[in-house]
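Residue numbers (our numbering), protein chains in the order written: chain A, 2 to 281; chain B, 13 to 188.
Keep in mind that the hints were calculated from the coordinates and are not lab data.
From the three backbone atoms N, C-alpha and C, an ideal C-beta is built for every residue, glycine too.
Check each hint, because a few of them may be wrong.
To be verified - Derived lysine-lysine pairs resembling DSS-like cross-links, with alpha carbons at most 25 Å apart:
{"hint": "1", "chain 1": "B", "residue 1": "Lys-27", "chain 2": "B", "residue 2": "Lys-133"}
{"hint": "2", "chain 1": "B", "residue 1": "Lys-168", "chain 2": "B", "residue 2": "Lys-187"}
{"hint": "3", "chain 1": "B", "residue 1": "Lys-82", "chain 2": "A", "residue 2": "Lys-274"}
{"hint": "4", "chain 1": "A", "residue 1": "Lys-151", "chain 2": "B", "residue 2": "Lys-175"}
{"hint": "5", "chain 1": "A", "residue 1": "Lys-273", "chain 2": "B", "residue 2": "Lys-27"}
{"hint": "6", "chain 1": "B", "residue 1": "Lys-106", "chain 2": "B", "residue 2": "Lys-168"}
{"hint": "7", "chain 1": "B", "residue 1": "Lys-106", "chain 2": "B", "residue 2": "Lys-175"}
{"hint": "8", "chain 1": "B", "residue 1": "Lys-82", "chain 2": "A", "residue 2": "Lys-273"}
As the list claims (entries may be wrong) - With beta-carbon atoms standing in for the labels, derived distance ranges:
{"hint": "9", "chain 1": "A", "residue 1": "Lys-274", "chain 2": "B", "residue 2": "Pro-80", "range": "19 to 27 Å"}
{"hint": "10", "chain 1": "B", "residue 1": "Gln-179", "chain 2": "A", "residue 2": "Gln-126", "range": "35 to 43 Å"}
{"hint": "11", "chain 1": "B", "residue 1": "Asp-108", "chain 2": "A", "residue 2": "Lys-274", "range": "36 to 44 Å"}
{"hint": "12", "chain 1": "B", "residue 1": "Glu-137", "chain 2": "A", "residue 2": "Lys-273", "range": "24 to 32 Å"}
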Amino acid sequence: MERIDEFIRSAKSLPPAPRILPQLMQLLRQTDVDSSKVVDLVTFDPALTAKILQVCNSAAYAGAMPVADLREALLRLGFAEIFRIVASVIGEQALGAAQAGYGIGRGELWEHSAVAAVAAQIIAQDRGLDPQQAFTAGLLHDVGKIVLAKALEGSYERIIEETDIHQQSLVEAEKAVLGVDHAQVGGRLLAQWKFPEPLVEAVTWHHDPSSAENHQPLAACVYLANMIAAFTGHGYGFQAFALRGRAEALESLGLQGDELPLYMIRTTEGLKKVSFLAAA
Amino acid sequence: MPAPSLAAITGFEQKLIVGVADLAVSSNPNVVIITYSLGSCLGVTIYDPVTKVGGLLHAMLPDSAIDPAKAASQAAMFIDTGIPALFRAAYQLKADKHRVQICLAGAAQVMDGSGFFSIGKRNYEMLMKLLGQHGLVVRAEQVGGLVSRTISLNIKTGEVRLKCSGQNLETILWKG
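If we strip away everything but chain A, and leave its shape as in the complex, we get (with noise of 0.2 Å):
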């Protein structure tokens, strides 16, 4: 754990904690949620304020008037619409930039993150588990590259070699060389960023579910929706494919094995109806 909080601590270019989400995700769980409530909270960022409204704007969404406000946004598409475009936008920011350590181009991460984010969010559905946190869940799953990028960099020849020869996956490679892995590090940072323990358990065991102690089909979920985006043409960096499969992953879904290939289809399908995701 030290070793894990030191390297976020030395991180250069971590984005600013989005305290808001966590928050959200709160009020997304109550039955009767109080629209002032969620209004305030998003308010207080003008900028993300401003890009809510130009999201509800756009062709997708657009009514015939437009919306002028967040309230009326608000009415209009629903609370859990707007939270998956609050994270879009929020996620966008922290995730677009390139991670030269894993190989990784300007604007890559984001999009294989909101491709997996559309694909847990519809295994979830299907497996009666909270959408909205698998979506962010699936949308912050590999937050911890963007921690561990800049150790990585110069490792490019260690990490072929791992995988390659020792045919170790690529978390496995990164433990190897740097002692803590992308997925520790990204629950631990979203630990300290307040977001709900089933969704930090889900990062931190995004590629080896079985081990998450009280949310495995969660973790499943995301390891899989993980999958799909590599799966589906959105996997990028050295060794993208250095991924173990995982048929307990499957099972603790009580999925079958054939069903993997529906869940791709239905990602992109899915991915043409998410236009605030128009990065991706």
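Please arrange chain B on chain A, whose structure you already have, making use of the hints.
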């Protein structure tokens, strides 16, 4: 007479981008057909050096039997429907089945003992089965492994180029 295209006047290369589960063919010598981020997906190029017609398919899954409706609306999603669609489109531009040079890239394979996640491998096997049935051979390929790839086909020369994700170096897979 149709007006010459901008590319024809300027001599600039025109990039024709093929997305996931999509295909394109061309006989325009200024065109380079390209597809990005081939992971477990399979990229297939065909090129007739006589008529200088080429095409590229970016297929995601091996077998259309899992979703026939999808295959009907988007044949390029699957190898078994995408390959016939690619060839048919190229025939329209006067490509000949037995003259075409076939190159492949993609079909990256995760570390999987269970077989459930072996999408790349299954894509490759389906393609080989299909080509075998038609007596077609592959001229050059770079498949499998752990990397994501970009592949392009130059319609003027038939040259096929390849790039791995995270690397700047572009290599020539087939000289054309």
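- Item | 25 Å limit on alpha-carbon distance, applied to hinted pair Lys-82(B) and Lys-273(A) | holds, 15 Å
- Task: Mind checking the alpha carbons of Lys-82(B) and Lys-274(A) for me, to see if they're no more than 25 Å apart?
- Result: holds, 16 Å
- Message: The hint says 19 to 27 Å between Lys-274(A) and Pro-80(B); measuring C-beta to C-beta, is that right?
- Response: Since the Cβ atoms of Lys-274(A) and Pro-80(B) sit about 22 Å apart, the hinted range of 19 to 27 Å holds.
- Measure nothing beyond the straight line between the CA atoms of Lys-106(B) and Lys-175(B); if it is 25 Å or shorter, mark the hint as holding. violated, 29 Å
- Regarding Glu-137(B) and Lys-273(A), is the given constraint of 24 to 32 Å on their beta-carbon distance met? The hinted range 24 to 32 Å holds for Glu-137(B) and Lys-273(A), with Cβ atoms some 29 Å apart.
- Lys-106(B) and Lys-168(B): Cα distance at most 25 Å? Cα-Cα ~15 Å, so holds.
- Query: CA of Lys-168(B) to CA of Lys-187(B), is that 25 Å or under?
  - Reply: Within the cut-off at roughly 12 Å; holds.
- Evaluate the given range 36 to 44 Å for the C-beta pair formed by Asp-108(B) and Lys-274(A). At roughly 41 Å between Cβ atoms, Lys-274(A) and Asp-108(B) fall inside 36 to 44 Å, so the hint holds.
- Satisfaction of the hinted span 35 to 43 Å by the C-beta atoms belonging to Gln-179(B) and Gln-126(A): About 38 Å separates the Cβ atoms of Gln-179(B) and Gln-126(A), which means 35 to 43 Å holds.
- Item | Proposed proximity, Lys-27(B) with Lys-273(A) (alpha carbon, max 25 Å) | Holds - the C-alpha atoms of Lys-27(B) and Lys-273(A) are around 23 Å apart, at most 25 Å.
- Message: Hinted pair, alpha-carbon criterion (25 Å max): Lys-151(A), Lys-175(B). Please report holds or violated.
- Response: With Cα atoms ~24 Å apart, Lys-151(A) and Lys-175(B) stay inside 25 Å; holds.
- Item | 25 Å limit on alpha-carbon distance, applied to hinted pair Lys-27(B) and Lys-133(B) | Status violated; Cα separation ~29 Å.
Checked against the numbered hints above, the structure breaks hints 1 and 7 and satisfies the rest.
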